[in-house]
Amino acid sequence: MSSTFDTIANIIAETCDIPRDSITPDSHAINDLGIDSLDFLDIAFAIDKAFGIKLPLEQWTQEVNDGKATTDQYFVLKNLSARIDELVAAKGA
Amino acid sequence: MRIEYFQLIDRIVDLNLADRKISSEATVPAASTIFEGHFPGYPLMPGVLLIEAMAQTSGWLVVAMNRFQRMPFLAAVKEAKLRTFVKPGELLSIEARLEHDGSGYAIVEAKISSEGKLICDATLTLRVLDFPNPEMEQQMRELAARIGLKVEAPADG
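Chains as they are written, first to last, in the working numbering: chain A, 1 to 93; chain B, 1 to 157.
Chain A with its partners taken away, still in its complex shape:
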């Protein structure tokens, strides 16, 4: 069974045509991989489907805009993986 990071890295590679081996847990989806907000919707859709969750993109964006969070917390892939694991755990709770 692949890890959460592997699943989202594969989704990003396939959705955005980015070489899989250039995607690491420390990659920032926006700053390092150059994924824009529209492409990220495709990624979010694929993640939502793969994990049976709803990524709270609007809440995250609001928190970043309000200075309550940094983009690193949500868009560095190891952090995104952790957020997804939390959402999956909350769904099963």
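Derived coverage of chain A by chain B (criterion: at least 3 residues anywhere in the stretch with Cβ under 8 angstroms from a Cβ of chain B; other residues may be distant): (1) 32-44; (2) 55-64.
Okay, the calculated beta carbon distance ranges per label pair: (3) Gln138/B <-> Thr61/A: 24 to 32 angstroms; (4) Ala69/A <-> Gly116/B: 47 to 55 angstroms; (5) Ala93/A <-> Arg11/B: 41 to 49 angstroms; (6) Gln69/B <-> Asp36/A: 22 to 30 angstroms; (7) Val77/B <-> Thr70/A: 31 to 39 angstroms; (8) Ala50/A <-> Ala75/B: 19 to 27 angstroms; (9) Pro25/A <-> His100/B: 23 to 31 angstroms.
Hints in this document: simulated from the structure, not taken from any laboratory.
None of these values were measured; they are calculated from a predicted model.
All C-beta atoms in this analysis are idealised placements derived from N, C-alpha and C, irrespective of residue type, glycine included.
We have chain A; now place chain B onto it with these hints.
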């Protein structure tokens, strides 16, 4: 269909929130300046307007689902297939089904048929945002009433 105003939907035929589906109808006008250019001597409904008709029907579905709390805007068109020509005067049946209700976006499968024959289909991504201003929301509410979209008030008011 008020084609020059980009108001492409004549009426909502059915809205099923439980199944997350909507159907609408629109009659392509018999005459329009658009047909003078598209194409001279062979008038055809432009394919981009067929996609717009699917987007508008999809948008009404999203508006109904969120009870006029937010406004959908077309963001992406995928797997669009324009399968046959549409001529002036044709009655179009447009259907849309919400595939995914995401955070700030929606994915919708839409299609148009005429006399039972599939004309086009596409997967659409809509960004779902706050209404930019109260005037737009009011205009959209009036347009919804005109085409027969019945939207329940939110449960909390």
